[in-house]
Amino acid sequence: MYTQSEEIPREISKKYKSFNILSVGVGGDGVISATQILAWAAMKQGYKVRTAETHGMAQRGGSVSSFTRFGTHAEGPLIPKGLTDILLAFEASEALRYADYVGYKTHIIINNRFVYPSGVTRKMNYPNLEEIVEYLQKITPEIYVINATELAKETGNPRTLNVVMLGFVSGLNLLPINRKLLQENILDLVPRKAKEVNKIAFQLGIDKARKIRGI
Amino acid sequence: MEIPYFAQDTPGKSVIMLGNEAIARGILEAGTIIGAGYPGTPSSEILKTLAKMENYFPHLKLEWSTNEKVALEIAIAGSMSKVRSVACMKHVGVNVAADAFMTIAYAGARGGLVLVSADDPNLYSSQNEQDNRFYGLHGLVPVFEPSTPQEAKDMIKYAFEFSEKYETIVLFRTTTRLNHGRGNVLLGEIEEPQKEFGFDWDRERWVCVPSHSRVNREKLLNRMERISNDVNESELNSLFISKKNINGTKYGFLSAGIPYAHLKDALSYLEIEDKVSILKLGIVYPFPRKRIIELLHSVDKLLIVEELEPIFETMVKKIAFEEGFSDKIEIHGKDILPQKFEFPAELIIEKISEFLNIEFDQMEIPENNLNLPPRLPMLCPGCSHRATFYAINQVEKKLKKQFINSSDIGCYTLGVYKPLAAIDVQICMGGSIGMANGFSKLYGKEKPLLAIIGDSTFFHTGVPGLINAVYNQNDMLIVILDNRSTSMTGFQDNPGTGMKITEEPGTRVILEDLVKGCGVPEKNIWVEDSNNIDKMIEKLEEAIEAKGVRVFISRHICSLLEMSEFKTKNISPPTYNIDNDECTGCQICINQFGCPAIIFDEELKKAQIDQSLCRGCGVCTYVCPQEAIYEEEI
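Chains A and B, in that order, are what the protein sequence lines are.
The opening residue of the first sequence carries number 1 in this note's numbering; numbering runs sequentially from there.
The opening residue of the second sequence carries number 1 in this note's numbering; numbering runs sequentially from there.
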């Protein structure tokens with residue numbers, strides 16, 4: 001399932017001139033905060049940034065998606081389908097829901113936790129992780145699965161899920177954003193009381209990525 | 001405490017801002033004093049951000065008004081007093097404010113007067129996707145529309161200046177992807193607010209009786225003629241003429257707002273940015289006729305890229321006809337791009353390639369046989385609205401009568417979805433009671449008629465419907481869902497909570513007193529805690545069976561607020577569990593109540609409580625006929 005990633009951070013596509021991250025999940029996963037962190041870090045890295053986020057009605061237990069685009073050319077906030085560089089799925093089945101945004105070059109990060117929509121029971125023909133990964137592999141081989149919810153719980157604060165995810169993607173060297181800069185922006189944007197726990201969460205994500213990469 | 005980035009007086013500093021924060025920043029930078037509004041997605045964060053700025057800039061006078069019409073009227077009074085004033089609302093809120101809008105368009109403005117409309121193409125959180133650019137055409141009011149957060153900040157700041165220069169209200173139109181999208185913003189200077197102001201005594205202008213309005217009408221037309229002329233020179237409308245062609249044809253585009261941003265990306269992606277002409281409108285009404293003619297002169301084929309209604313298209317075709325271009329150039333718009341919903345970024349690339357007749361390799365998505373049910377928004381675990389709907393459904397079953405349940409706009413509209421399915425009609429704010437008045441004329445004698453409305457919505461536009469019912473003796477039961485918050489839009493306060501936007505105490509309006517004052521007799525008013533199901537069912541039955549105009553106040557704080565109250569007070573809510581020996585697997589808790597925290601285990605054939613979701617409201621203990629759900633002892 002995993003492929004080795006190179007040590008150098010990924011570059012921004014010369015053709016589209018922007019790096020496109022699609023973060024998806026369910027309300028409460030911290031998708032909007034993750035987007036905000038990525039946006040600030042990308043700006044400090046010197047990029048032009050645009051995002052589009054789900055606020056309001058869609059947050060009431062609904063599916064949440066957030067677009068982050070940055071580069072020398074990022075005018076509009078939406079990512080054209082297929083031109084996603086990274087799909088960050090905070091909930092496993094949401095990766096499948098947004099599969100049409102995935103292209104041949106997309107790297108997909110899946111948190112292995114499921115949140116079942118209301119009225120769905122576990123055994124009801126609901127796609128499982130293996131099926132989701134198998135389908136997505138038809139489009140791209142670059143799929144990474146992480147137990148981010150468990151890792152977040154290990155820190156003592158499950159709300160650090162989004163920062164574990166960011167640590168993981170940074171640890172995989174998939175982001176054209178300096179890791180230290182990213183960490184600084186995480187610590188700037190999380191509540192003062194939660195700084196230490198988020199530092200731990202970020203490191204847990206990085207360590208997990210290193211393990212996968214065999215470092 | 002460090003001053004938040006949006007309130008820092010640090011011109012030139014580069015920050016990331018949400019579109020709505022950038023709009024608030026522009027309002028602050030313009031030296032605005034008055035800001036009023038009513039919460040509504042996607043507009044709510046504008047006033048919320050201004051309220052946070054108020055800590056550092058106490059000259060700001062802000063409020064959540066009871067509805068959008070009141071909010072605009074407050075801004076109008078500010079303008080009449082020569083201070084810069086703004087009213088913020090979602091697109092459908094402008095309909096509520098339209099009465100004031102259409103006539104202040106005549107009388108004009110003194111202090112800069114801006115109405116921010118947050119439109120919602122794609123209906124992310126709205127009942128329609130109306131295109132409020134039409135309000136500009138309708139009222140003869142200039143309309144601005146930004147494409148990025150930076151533009152939003154700069155343009156709204158300028159809109160106040162523009163408003164004063166031409167003495168007109170300005171409609172500042174935005175859309176969801178601008179309001180709820182972030183981008184780089186360079187902070188600007190914060191202007192000093194007017195130090196000296198006072199009411200501008202001018203009865204002939206401000207008293208809009210027919211004799212005065214005839215004069216104002218003439219002034220309005222003259223004003224618009226002057227603006228129509230000046231917008232040709234405005235920097236907000238930028239025209240790029242390319243001398244190049246693609247396969248012998250000269251192509252052009254006209255766009256504005258978010259579609260313009262995606263158009264730019266598409267042209268860059270297709271590597272043809274320098275090969276086509278583009279007119280970008282920042283002032284989307286009135287139309288810069290001269291610039292459009294220039295564009296028409298420079299192209300063979302023109303594509304108008306606008307979401308929703310073909311407003312630019314109609315205007316450009318009219319100008320092309322009048323100027324004799326009809327046979328010379330092709331003008332496309334809604335024949336290529338859809339009239340419904342927002343434009344996905346890939347759709348713009350695809351349609352432009354089609355228009356330009358150039359190759360674009362599209363990716364084949366492999367067939368997906370996995371069935372993924374939709375994840376619809378729903379009432380939260382522990383939501384008191386679920387308890388009220390459950391109780392209403394139980395009474396309906398017991399009485400063996402079919403109710404017509406009119407509902408309103410708020411979280412509780414989610415009661416339409418299964419398993420509750422407790423809502424039959426919903427159109428607009430306050431409409432529940434209005435429509436129940438109509439149903440009462442037809443079925444008042446035979447069918448129980450319920451109007452189900454939230455606390456904030458009742459204050460917004462529910463009250464006139466209630467007075468109408470009392471006056472005309474239109475029998476109905478009004479159920480006010482009083483959860484002490486305007487929850488759907490982010491827990492704003494309202495007259496029922498009595499707290500102001502600045503978090504200072506105001507005067508609380510008591511619902512019981514209000515309905516009594518509207519003429520509902522004491523015997524026709526019931527009050528109960530929504531989560532006290534047995535009492536709810538008993539009292540609701542009584543209320544539904546009674547005659548006359550009745551009001552049932554179902555009261556319980558929003559579960560999200562209750563959770564945060566628990567947290568601050570360090571209270572842990574009770575833990576509930578299901579006794580596997582008692583649970584018969586009947587699934588009544590799932591099929592009739594539907595709390596997301598209760599799941600059915602297909603292996604055990606028993607219901608289970610997901611402790612990570614359960615908020616400990618305990619309502620499900622009433623629902624279970626086997627009494628299998630119990631509170632754990634600590």
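Derived from the structure by calculation, the hints contain no laboratory data.
Wrong hints could be hidden among the right ones.
[Unchecked claim] From the derived model, a few chain B residues whose C-beta atoms are all more than 12 Å from chain A:
no.: 1; residue: Ala77
no.: 2; residue: Glu167
no.: 3; residue: Glu192
no.: 4; residue: Leu221
no.: 5; residue: Ile227
no.: 6; residue: Ile329
no.: 7; residue: Asp361
no.: 8; residue: Cys383
no.: 9; residue: Val470
no.: 10; residue: Leu511
no.: 11; residue: Glu542
no.: 12; residue: Asn570
no.: 13; residue: Asp610
[To be verified] If you anchor each label on the Cβ, the simulated ranges turn out as follows:
no.: 14; chain 1: A; residue 1: Asn125; chain 2: B; residue 2: Gly498; range: 42 to 52 Å
no.: 15; chain 1: B; residue 1: Ser612; chain 2: A; residue 2: Pro141; range: 46 to 56 Å
no.: 16; chain 1: B; residue 1: Gln362; chain 2: A; residue 2: Gln45; range: 24 to 34 Å
no.: 17; chain 1: B; residue 1: Glu330; chain 2: A; residue 2: Thr72; range: 30 to 40 Å
All residues carry an ideal CB built from backbone N, CA and C; glycine is no exception.
Checklist entry - What hints, given by number in increasing order, does this structure fail? => result Hints 7, 8, 13 and 15 not satisfied by this model.
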